[in-house]
Amino acid sequence: MALSLARKPALQLRWISPVALVLLWQLASSTGVLSPEKLASPLTVAQSAGELIADGQLADAFVVSLGRVFFGFLIGGVVGVALGLVSGLSRWGETLLDPPVQMVRTLPHLGLIPLFILWFGIGEEPKLALVASGVAFPLYLNLHSGIRQTDPGLVEAARVLGYSRLERIVHVVLPSAVPQTMVGLRIALGTAWLSLIVGEQINADAGLGFLINNAREFLRTDVVVVGLVVYALLGLTTDALVRLLERRVLRWRTR
Amino acid sequence: MANPVSIRGLRKAFGARTVLDGIDLEIAPGEFVALLGRSGCGKSTLLRILAGLDREIDSEARVSGAVSIAFQQPRLLPWRKVWRNIALGLHKPDGRAIALKALREVRLPDHADAWPLTLSGGEAQRVSLARALVREPDVLLLDEPFGALDALTRLAMHHLVEDLWAKHRPAVLLVTHDVDEALLLADRILVLDEGRIVATHHVDLPRPRRRASVVEQRTRVLADLGVDVETAA
Numbered sequence: 009m010a011l012s013l014a015r016k017p018a019l020q021l022r023w024i025s026p027v028a029l030v031l032l033w034q035l036a037s038s039t040g041v042l043s044p045e046k047l048a049s050p051l052t053v054a055q056s057a058g059e060l061i062a063d064g065q066l067a068d069a070f071v072v073s074l075g076r077v078f079f080g081f082l083i084g085g086v087v088g089v090a091l092g093l094v095s096g097l098s099r100w101g102e103t104l105l106d107p108p109v110q111m112v113r114t115l116p117h118l119g120l121i122p123l124f125i126l127w128f129g130i131g132e133e134p135k136l137a138l139v140a141s142g143v144a145f146p147l148y149l150n151l152h153s154g155i156r157q158t159d160p161g162l163v164e165a166a167r168v169l170g171y172s173r174l175e176r177i178v179h180v181v182l183p184s185a186v187p188q189t190m191v192g193l194r195i196a197l198g199t200a201w202l203s204l205i206v207g208e209q210i211n212a213d214a215g216l217g218f219l220i221n222n223a224r225e226f227l228r229t230d231v232v233v234v235g236l237v238v239y240a241l242l243g244l245t246t247d248a249l250v251r252l253l254e255r256r257v258l259r260w261r262t263r
Numbered sequence: 035m036a037n038p039v040s041i042r043g044l045r046k047a048f049g050a051r052t053v054l055d056g057i058d059l060e061i062a063p064g065e066f067v068a069l070l071g072r073s074g075c076g077k078s079t080l081l082r083i084l085a086g087l088d089r090e091i092d093s094e095a096r097v098s099g100a101v102s103i104a105f106q107q108p109r110l111l112p113w114r115k116v117w118r119n120i121a122l123g124l125h126k127p128d129g130r131a132i133a134l135k136a137l138r139e140v141r142l143p144d145h146a147d148a149w150p151l152t153l154s155g156g157e158a159q160r161v162s163l164a165r166a167l168v169r170e171p172d173v174l175l176l177d178e179p180f181g182a183l184d185a186l187t188r189l190a191m192h193h194l195v196e197d198l199w200a201k202h203r204p205a206v207l208l209v210t211h212d213v214d215e216a217l218l219l220a221d222r223i224l225v226l227d228e229g230r231i232v233a234t235h236h237v238d239l240p241r242p243r244r245r246a247s248v249v250e251q252r253t254r255v256l257a258d259l260g261v262d263v264e265t266a267a
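Protein chains in written order, with this note's numbering: chain A, 9 to 263; chain B, 35 to 267.
Calculated directly from the structure, the hints in this document are not laboratory data. On a predicted model such as this, the values are computed, not experimentally measured, just so you know. One thing to keep in mind: the hints can contain errors.
[As the list claims (entries may be wrong)] Derived lysine to any residue pairs resembling SDA-like cross-links, with alpha carbons at most 20 Å apart:
| # | chain 1 | residue 1 | chain 2 | residue 2 |
| --- | --- | --- | --- | --- |
| 1 | A | K46 | A | R228 |
| 2 | B | K126 | A | E254 |
| 3 | B | K115 | A | E254 |
| 4 | B | K115 | A | V163 |
[Said to hold, decoys possible] Taking CB as the label site, the calculated pair distances span:
| # | chain 1 | residue 1 | chain 2 | residue 2 | range |
| --- | --- | --- | --- | --- | --- |
| 5 | A | F78 | B | G49 | 54 to 60 Å |
| 6 | A | A67 | B | P143 | 30 to 36 Å |
| 7 | A | R251 | B | T234 | 56 to 62 Å |
| 8 | A | R251 | B | G99 | 17 to 23 Å |
| 9 | A | G101 | B | T234 | 32 to 38 Å |
| 10 | B | A148 | A | L31 | 45 to 51 Å |
| 11 | A | R261 | B | P143 | 20 to 26 Å |
| 12 | A | T262 | B | L239 | 45 to 51 Å |
| 13 | A | L74 | B | A190 | 56 to 62 Å |
| 14 | B | A148 | A | G101 | 35 to 41 Å |
| 15 | A | W100 | B | T234 | 34 to 40 Å |
| 16 | A | T262 | B | F48 | 38 to 44 Å |
Even for Gly, the Cβ is constructed at its ideal location relative to N, Cα and C.
Could you put together the complete structure from these sequences and hints?
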């Protein structure tokens, strides 16, 4: 209990420096140091945000982008977890799967955009593929290494105590891979947002990326910033969700 | 009834190094045997073979009936609550009731829903014992289960193990390097050295034993281990 109480203020303290930066930024804009063509003031940004929310533009863009991340994450997650399980749980799986996966992961996945465009065109598919490929590798790597790090002493004990093979996997191997997999999940989510932002530069006709690119053409730095802030808030929110999940799933570690 | 542990001429080598060199071992039902020896004498290897963890042997090692084990480290699953640690692998519908009963026996009635990482070393080791006992083993293997505990906790555990053994009567093989522990608990003590059983001591002292009553025999067992207490003291 004492531990969870001690954590809450720490989480709130994390807001101090971002807020200070915003105040500094407003000061620079108000005094004319920062021209609105380079960067709009926070107040203007807030005003534009209000307008974009009011006329539904932001919500539409938000839903489209969220959908891209969600489905891209889903595809990448299924692939990464499936490959990680096969290669973690079976020696043959590891022998056959791990080398090619380790080779492909050295390619910077954002650099695959030209190929994705050639393969999938410029619609939704290359965006999903980009997100999915950003998600699959961190999940695969961490799940695989988490499974491999299982304490052999626990597996031995389970064998002598009469666990079936399935029980050993369900109660010993997979739970011991969870902490490492949670690390992979957080990395994967971070990469998912990054991939989305880059992917939405490809000829988007809807979504936050479209909103931002459109605003750029009209020198609307305020709208660009609104889009960026929404990206950032989404990243923060998902990260907070993973932390919450982490605390729930790994609750055996403390108390 | 056949002996639950029956071994003839057991050999085990890792590469060129012979670890077990012709072990004969019979343990009768309900007998408490202690296996004494220095580090590296092969006692852990023997235990692993009896537990079925090492099947690459070139002789007959027969262990009949249910085998259960408690290790030096409790080896509880930290992500499963205490009662689940005891009940898992049992394949019985009333696992929780069985676990609760076992926890009462090891005097931890209130810890069923605790996470293993919140337990002290002695408590975790008692859960490990409960987990071994609910399997109603014919053979209970104890691999230095008190080795990592402090001296006071170890004393309490000795009594607990003796009580549990008296109640459930499994054949016990206790691997240890603590001579006093062996003398307090065992019917028979085997001294293992360089892969061979070099001495056997029958301990016929009445139970429960006290430290003073075992002193005389202690000297003789120590002599077999190459420790000369008379000159050392």
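Hints, one by one, checked against the model:
Simply put, K46/A and R228/A have alpha-carbon atoms about 9 Å apart, close enough for the 20 Å limit, and the pair holds. Of the pairs offered as hints, the one joining K126/B and E254/A is violated, with about 31 Å between alpha carbons and a cut-off of 20 Å exceeded. Proximity of K115/B to E254/A is assessed by CA-CA distance (about 18 Å); at most 20 Å being required, the pair is judged to hold. As the CA atoms of K115/B and V163/A are separated by approximately 17 Å, the hinted pair is consistent with the 20 Å bound.
One distance hint, 54 to 60 Å for the beta-carbon pair F78/A and G49/B, holds here, with the actual separation near 55 Å. The hinted range of 30 to 36 Å is not satisfied by A67/A and P143/B, whose Cβ atoms lie roughly 57 Å apart. In this structure the hint that R251/A and T234/B lie 56 to 62 Å apart at CB holds, the actual value being about 60 Å. The supplied range of 17 to 23 Å is broken by R251/A and G99/B, whose beta-carbon atoms lie about 49 Å from each other.
The hinted window of 32 to 38 Å between G101/A and T234/B is violated, with their beta carbons roughly 49 Å apart. Remark: the range hint 45 to 51 Å for A148/B to L31/A is upheld by a beta-carbon distance near 48 Å. As the Cβ distance of R261/A to P143/B is approximately 25 Å, the hint placing it in 20 to 26 Å holds. T262/A and L239/B have their C-beta atoms about 47 Å apart, which keeps the hinted 45 to 51 Å range intact.
Taking 56 to 62 Å as the suggested C-beta distance range, the pair L74/A and A190/B conforms, at roughly 59 Å. The beta-carbon spacing between A148/B and G101/A, approximately 37 Å, falls within the hinted interval of 35 to 41 Å. Separation of W100/A from T234/B is about 48 Å and departs from the stated range, judged on CB atoms against 34 to 40 Å. Hint check: T262/A to F48/B, Cβ distance near 41 Å, so the stated range 38 to 44 Å holds.
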